[in-house]
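Chains as they are written, first to last, in my numbering: chain B, 1 to 229; chain G, 230 to 346.
Quick caveat, the hints were computed from the structure, so don't treat them as lab data.
Keep in mind that the hints are not guaranteed to be accurate.
Have a look at the derived ranges for each label pair, beta carbon to beta carbon [stated by the list, open to error]:
hint: 1; chain 1: B; residue 1: F227; chain 2: G; residue 2: G307; range: 20 to 26 angstroms
hint: 2; chain 1: B; residue 1: D159; chain 2: G; residue 2: P327; range: 26 to 32 angstroms
hint: 3; chain 1: G; residue 1: R329; chain 2: B; residue 2: G158; range: 39 to 45 angstroms
hint: 4; chain 1: G; residue 1: S306; chain 2: B; residue 2: R78; range: 44 to 50 angstroms
hint: 5; chain 1: G; residue 1: L235; chain 2: B; residue 2: H29; range: 27 to 33 angstroms
We put the CB at the ideal spot given by N, CA and C, even for glycine.
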Amino acid sequence: MHPKGLEVVTVGLDAGGVDAVRPWIEAAHPEHPSLIDETHVLDELFGVTNVPNAVWIDEAGMIVRPAEPANIERSPLREMDIPEGLPPRIHDALVEVKEIRDDSDAYRAAIVDWVERGAESPYALTPDEVIARSQPRGREQSEAAACFELGQHLYHAGDVDGAVQWWRDAHRLDPGNWTYKRQAWSLASTAPGEPSDLMQGPTELYEGNWLDDVKAIGGGGNYYPAFRP
Amino acid sequence: MLATSLDVDTSEYESASGWHLRPDGACRGDVCVPLGDGVRSADGSRVQLDRLAERLGAAFVHDAPRGLYAIGPSTVSGRALATAEAPELELPDLDGNPFRLSSLRGRKVLLVAWASW
């Protein structure tokens with residue numbers, strides 16, 4: 001898509017900073033700008049609430065699609081048969097992952113249509129639609145963002161207990177923001193030096209965990225909604 | 230954004246929030262919110278976070294034991310975006326080099342958020 005005028009910029013949201021994202025970025029050998037966002041500033045500035053999310057920006061710097069689920073590639077996890085004999089929580093997590101609709105073909109086709117037709121593409125939304133489709137933001141979401149940032153600052157300063165307190169507040173105030181939750185859960189359940197724990201099971205630190213929180217909102221299809229043209 | 234005092238450099242707040250603080254108010258794209266008195270310093274170089282938060286409908290949180298203040302994002306539109314104009318975004322790459330989103334003006338951009346978790 002690059003020769004046709006599309007620039008891809010990837011941003012890793014990771015309180016772990018360079019150390020957390022380096023193995024992934026180096027393995028991918030990206031030719032596009034690949035940036036690091038330790039404080040999840042993309043949540044505040046663009047309304048990102050989960051990953052992967054993507055934002056479309058036109059040549060004039062106008063957002064034509066706000067942050068939304070962005071299945072760019074098919075996920076092997078979604079296509080595989082769940083092996084028998086797995087521990088129940090892993091089995092149940094895979095059931096929820098398979099509930100996420102694989103609409104990567106439609107999403108990529110939409111990108112191609114926009115790149116070729118620009119504002120004529122039906123996928124390029126008007127400014128009013130862009131604002132209306134961006135995530136809801138009231139006092140609680142604003143307070144959650146402030147709490148998350150306090151937690152991130154304390155985590156970096158080595159005050160992990162302080163970070164957990166603020167992150168718990170962020171989770172309570174804005175339960176629909178999965179970057180706040182998955183980030184904190186992963187840091188709580190990943191052993192030092194190990195890759196990020198994607199299961200994010202129950203810990204003593206947080207009231208929620210990935211599987212139970214996904215089930216509480218009705219499953220994987222609500223956790224990561226389908227692309228809405 | 231995070232601060233260790235109630236008032237901060239105006240430019241610091243502007244780059245963290247995407248809002249521009251001008252004599253006529255706080256503006257982002259074509260949206261402007263009047264600020265009234267007592268928010269900006271006389272020369273406009275400093276801004277008082279708790280008063281600004283009130284005007285922008287943003288949360289203001291104080292961690293008193295640690296001497297930290299945090300202002301949340303504005304809620305003026307009730308949505309994450311107050312305008313469709315993309316805010317400036319400056320973030321480092323793996324080598325610590327800063328990259329500005331606005332350097333790609335004139336091209337279409339697909340901005341993808343991912344994570345290791």
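Identify every previously stated hint that the structure contradicts and give their numbers, smallest first. 3, 4 and 5
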